[in-house]
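Colleague: Protein sequences, first through last, are from chains A and B.
1 is the number of the first residue of the first sequence in my numbering; add one for each residue after it.
1001 is the number of the first residue of the second sequence in my numbering; add one for each residue after it.
These are calculated hints, taken from the structure and not from any lab test.
Backbone N, C-alpha and C fix where the C-beta goes; we use that ideal spot for every residue, glycine too.
Some hints could be false.
What the hints assert, rightly or not - Here are some chain B residues pointing at chain A (derived, C-beta under 10 angstroms):
#1 1055
#2 1085
#3 1089
#4 1091
#5 1095
#6 1105
Claimed, not checked - Capping the alpha-carbon separation at 30 angstroms, the derived lysine-lysine pairs in DSSO-like fashion look like this:
#7 1041/B with 26/A
#8 1066/B with 1041/B
#9 56/A with 26/A
#10 1041/B with 70/A
#11 56/A with 69/A
#12 26/A with 1014/B
#13 1055/B with 102/A
#14 56/A with 102/A
As the list claims (entries may be wrong) - Chain A is nowhere near these chain B residues, computed Cβ spacing over 10 angstroms in every case:
#15 1018
#16 1019
#17 1022
#18 1032
#19 1036
#20 1042
#21 1044
#22 1064
#23 1076
#24 1082
#25 1087
#26 1106
#27 1107
#28 1109
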Amino acid sequence: SQQGEEDPQALSIQEGENATMNCSYKTSINNLQWYRQNSGRGLVHLILIRSNEREKHSGRLRVTLDTSKKSSSLLITASRAADTASYFCAWDSGYSTLTFGKGTMLLVSP
Amino acid sequence: GAVVSQHPSWVICKSGTSVKIECRSLDFQATTMFWYRQFPKQSLMLMATSNEGSKATYEQGVEKDKFLINHASLTLSTLTVTSAHPEDSSFYICSQIVNRANYGYTFGSGTRLTVV
């Protein structure tokens, strides 16, 4: 499997601000997913976007997908201190296994 | 929703000993289980894919004799780290597909292994 890139590697913002994380991948995909991981814990699925979709919303989350550029972005609006975590994108290239990006560590200060 | 119970959540062992990590599907029968390893401040790397009743498929660079995977039933998959070394210290996470049609995956809570 080939890992893509996520940027930024780390992001520090104030509560109420928006946080944008980007993900790039290297293969064709069936879908791309975003996960959240609190320090030392398991992963929580946030949102999935299929390859034929360009944008998806879920609460304060907005995900975009540009298959021509092999990239995706995750926007968290009106961030809260509780959003502090690491965020990973992961894609399914059609073999039912997920390949994870390198992740973005988000710190939201009160 | 589907839940994967993983334990232990953390374990400390001496070099040279073996450690078994269990992932149990509580309300779903998992024909396929994925095992990942995550080093500090890094991403998840797929180690192997196990299918119920057959041998696991290991990713390149993962020693199958060191990381023994058993998936003898639809509800239980185990990863045994044999002859553990300090460099095996890592966070191990299992995952299963719960809905192929919707590409839904669920993850265990992870096991922090420290080899001293």
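Colleague: Confirm or reject each hint.
Modeller: How the hints compare with the structure:
1. Look at residue 1055/B: its Cβ only gets to about 16 angstroms from chain A, farther than 10 angstroms, so that hint breaks.
2. A distance limit of 10 angstroms between C-beta atoms decides the matter here; for residue 1085/B the minimum to chain A is near 21 angstroms, and the interface restraint is violated.
3. Checking residue 1089/B against chain A: minimum C-beta separation of about 13 angstroms lies over 10 angstroms; hint violated.
4. A hinted interface residue such as residue 1091/B counts as satisfied when its beta carbon comes closer than 10 angstroms to some beta carbon of chain A; here the least separation is about 7 angstroms, so the hint holds.
5. This hint holds: residue 1095/B has a C-beta 7 angstroms from the nearest C-beta of chain A, less than the 10 angstroms allowed.
6. For residue 1105/B, the suggested interface contact is upheld, since its CB lies about 6 angstroms from the closest CB of chain A, less than 10 angstroms.
7. Distance check on the hinted pair: residue 1041/B and residue 26/A sit about 22 angstroms apart at the alpha-carbon level, within 30 angstroms; holds.
8. For the proposed pair residue 1066/B and residue 1041/B, the alpha carbon gap of about 24 angstroms is at most 30 angstroms, so the pair holds.
9. Restraint check for residue 56/A and residue 26/A: satisfied, since their Cα atoms lie roughly 21 angstroms apart, inside the 30 angstroms limit.
10. Distance check on the hinted pair: residue 1041/B and residue 70/A sit about 24 angstroms apart at the alpha-carbon level, within 30 angstroms; holds.
11. A C-alpha spacing of about 17 angstroms is found between residue 56/A and residue 69/A, which places the hinted pair at or below 30 angstroms, so the restraint holds.
12. For the proposed pair residue 26/A and residue 1014/B, the alpha carbon gap of about 39 angstroms is over 30 angstroms, so the pair is violated.
13. The hinted pair formed by residue 1055/B and residue 102/A meets the criterion: a straight-line CA distance of about 29 angstroms does not exceed 30 angstroms.
14. A threshold of 30 angstroms between alpha carbons decides the hint, and for residue 56/A with residue 102/A the separation of about 22 angstroms falls inside it, so the pair holds.
15. Look at residue 1018/B: its CB is around 23 angstroms from the nearest CB on chain A, clear of 10 angstroms, so calling it non-interface holds up.
16. Listed as outside the interface, residue 1019/B is consistent with that label: its C-beta sits roughly 18 angstroms from the nearest C-beta of chain A, beyond the 10 angstroms cut-off.
17. Residue-level check passed: residue 1022/B sits 14 angstroms from the nearest beta carbon of chain A, beyond 10 angstroms.
18. Look at residue 1032/B: its CB is around 7 angstroms from the nearest CB on chain A, not clear of 10 angstroms, so calling it non-interface is violated.
19. Not every C-beta of chain A lies more than 10 angstroms from that of residue 1036/B, the closest at about 8 angstroms, which undercuts listing it as non-interface.
20. Residue placement check: residue 1042/B does not keep its beta carbon more than 10 angstroms from all beta carbons of chain A (closest about 7 angstroms).
21. Taking the minimum C-beta to C-beta distance to chain A, about 5 angstroms, the non-interface status of residue 1044/B is violated against the 10 angstroms cut.
22. For residue 1064/B, the requirement that its beta carbon stay farther than 10 angstroms from each beta carbon of chain A is met, with the minimum near 17 angstroms.
23. With a closest Cβ-Cβ approach of about 18 angstroms to chain A, residue 1076/B is found to remain outside the 10 angstroms limit, as its non-interface label requires.
24. For residue 1082/B, the non-interface assignment is confirmed: its Cβ lies about 24 angstroms from the closest Cβ of chain A, beyond the 10 angstroms cut-off.
25. Every Cβ of chain A is farther than 10 angstroms from the Cβ of residue 1087/B; the closest lies at roughly 19 angstroms, confirming the non-interface assignment.
26. The claim that residue 1106/B is not at the interface with chain A is violated, since a C-beta of that chain comes within 10 angstroms of its own (minimum 8 angstroms).
27. Its closest Cβ contact with chain A, about 4 angstroms, brings residue 1107/B to no more than 10 angstroms, contrary to its assignment away from the interface.
28. Under the 10 angstroms C-beta cut-off, the non-interface status given to residue 1109/B relative to chain A is violated; the minimum distance is some 4 angstroms.
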